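Under the working numbering, the first residue of the sequence shown carries the number 2, and numbering increases by one thereafter.
Do not take every clue at face value.
As the list claims (entries may be wrong) - Quick list of simulated restraints, FRET-style, between CB atoms:
{"id": "1", "residue 1": "Ser241", "residue 2": "Cys141", "range": "28 to 38 Å"}
{"id": "2", "residue 1": "Glu228", "residue 2": "Cys141", "range": "21 to 31 Å"}
{"id": "3", "residue 1": "Lys370", "residue 2": "Glu120", "range": "48 to 58 Å"}
What the hints assert, rightly or not - In silico BS3-like links for lysine-lysine, alpha-carbon gap of 25 Å or less:
{"id": "4", "residue 1": "Lys370", "residue 2": "Lys276"}
{"id": "5", "residue 1": "Lys178", "residue 2": "Lys150"}
{"id": "6", "residue 1": "Lys247", "residue 2": "Lys132"}
{"id": "7", "residue 1": "Lys247", "residue 2": "Lys276"}
{"id": "8", "residue 1": "Lys132", "residue 2": "Lys150"}
{"id": "9", "residue 1": "Lys247", "residue 2": "Lys178"}
{"id": "10", "residue 1": "Lys132", "residue 2": "Lys204"}
Rather than coming from a laboratory, the hints here were simulated on the basis of the structure.
Here the structure is a predicted model, which is why all the values come from computation and not from measurement.
Yeah, the Cβ is synthetic: ideal placement off N, Cα and C, and Gly gets one too.
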Amino acid sequence: MTDAWSRAGDSSGTVLCPQGHVNSPAYRFCSLCGSPIGVVPFPADEDSREDGTAQSTRRLGLIVGVIAAVVATVAGVTAAVLFTRSPGDEASPDSGGFGAGTPPAAPTQAVCTEPPILETESFDMTAEGIKIGAAFFSGCAGGDVEAGKAVRVTVADGQRDIAAGEFDFSASPVEMKAGVPDHRTLVFPHGMYWRTPDMVGGKPTLTAHRSEDRTATPVASKSGAEELVAVGPADPEHGSVDGVAKAVLGELRDADFADLRSNAFNRWVPQVSSKRAGLVVDGRALTDADVLRDHLNFRQRFGQARLVYSGQWSTFSDTDWWVTVVGPSWTFPENANQWCDEQDFGVDDCFAKFISSMFGPERTTVYRK
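Taking the hints into account, I'd like the entire structure generated from these sequences.
So, in structure tokens, the structure goes:
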């Protein structure tokens with residue numbers, strides 16, 4: 002039995018595609034439908050009787066079909082790769098055709114606008130002034146560096162102001178890593194504090210205020226001073242300077258009154274200063290802040306310095322003076338004056354004063370000669 006392709010080839014010199022279209026024997030694919038020529042379906046019951054020519058034709062058709070499938074698969078994979086590649090993946094001319102792509106740009110760190118968070122570690126009264134050991138934490142999650150030239154730092158016990166000063170960190174920046182503090186000792190010299198450690202019950206609160214906007218995070222120096230002294234006074238955290246001073250004078254008056262009642266009542270003590278607001282000194286009227294500053298200067302020098310308000314004691318002729326006296330106390334005025342001599346005070350700057358609320362002002366002051 003001869004197949005249709007053989008018959009067409011024998012009788013007319015043409016071949017049929019599997020769909021029955023007539024084609025030239027030289028065509029490998031049908032000119033009408035594109036089917037590979039040479040693959041012709043045969044009835045199953047005639048498979049055993051196919052001659053060698055037919056079998057060869059069928060094998061040729063199978064091979065052609067497999068090749069076509071492989072070509073289509075490769076083309077599809079190549080197109081997918083080309084469409085998914087980004088422009089940055091192109092190989093550079095110097096890479097030999099193998100490009101790693103453009104690396105992602107490093108993220109720009111945002112400028113931290115929050116001031117550092119300060120925590121008190123120590124609080125002491127020294128000859129230089131009040132010293133506070135402080136831990137500096139970044140106000141932002143990513144860390145920060147404090148290098149400002151005019152950073153106001155305030156110290157307070159609740160609503161009670163203790164000190165305030167302006168600090169220059171430009172020469173000794175404070176570098177704060179994320180979650181890791183840096184440490185400095187802050188010194189508030191005489192005139193930049195209102196309350197002393199003995200007047201504060203607990204650990205004071207430190208607050209930093211930046212006075213200038215920063216456009217970039219400064220770089221920390223390799224080494225810096227561990228102790229920084231305030232370069233100038235600053236406003237307190239609460240209220241005004243004169244308002245704080247007036248309140249502190251009242252606190253000292255009340256606290257020292259009880260101490261003097263116990264340790265200097267009806268006894269002689271050295272008097273080293275007397276001031277009041279409005280008193281003109283060197284052409285300038287004193288304020289409550291000046292009066293407090295004067296007293297705290299002596300309190301810093303002498304641990305037993307006490308503040309006396311003349312209106313609370315009968316041995317003063319005027320009732321509105323703030324008087325600084327220094328212990329210990331004595332039975333005789335000569336001992337108090339001898340203490341003045343030993344401290345090298347001027348004759349008019351230190352003399353014996355009798356403290357009492359039982360006697361009048363007569364004969365209660367003994368000057369040095």
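* Asked: Is the straight-line distance between the alpha-carbon of Lys247 and that of Lys132 25 Å or less?
  -> holds (23 Å)
* Straight-line Cα separation of Lys178 and Lys150 no greater than 25 Å? -> holds (20 Å)
* To do: Return holds or violated for the Cβ distance of Lys370 and Glu120 against the range 48 to 58 Å.
  => holds (54 Å)
* **Straight-line alpha-carbon gap Lys247 to Lys178, limit 25 Å** => violated (41 Å)
* Asked: Ser241 and Cys141, beta-carbon distance inside 28 to 38 Å?
  -> holds (32 Å)
* Regarding the pair Lys132 and Lys204, is the alpha-carbon distance no greater than 25 Å? -> holds (13 Å)
* Asked: Is the hinted pair Lys247 and Lys276 satisfied, with a Cα-Cα distance of at most 25 Å?
  -> holds (13 Å)
* To do: Could you tell me whether the CB distance from Glu228 to Cys141 stays inside 21 to 31 Å?
  => holds (26 Å)
* **Restraint check for Lys132 with Lys150, where alpha carbons must lie at most 25 Å apart** => holds (20 Å)
* Decide if the proposed pair is consistent with the structure: Lys370 and Lys276, CA atoms, cutoff 25 Å inclusive. => This hinted pair holds, its Cα atoms lying about 23 Å apart.
Hint 9 from the list above is the single one not met by this structure.
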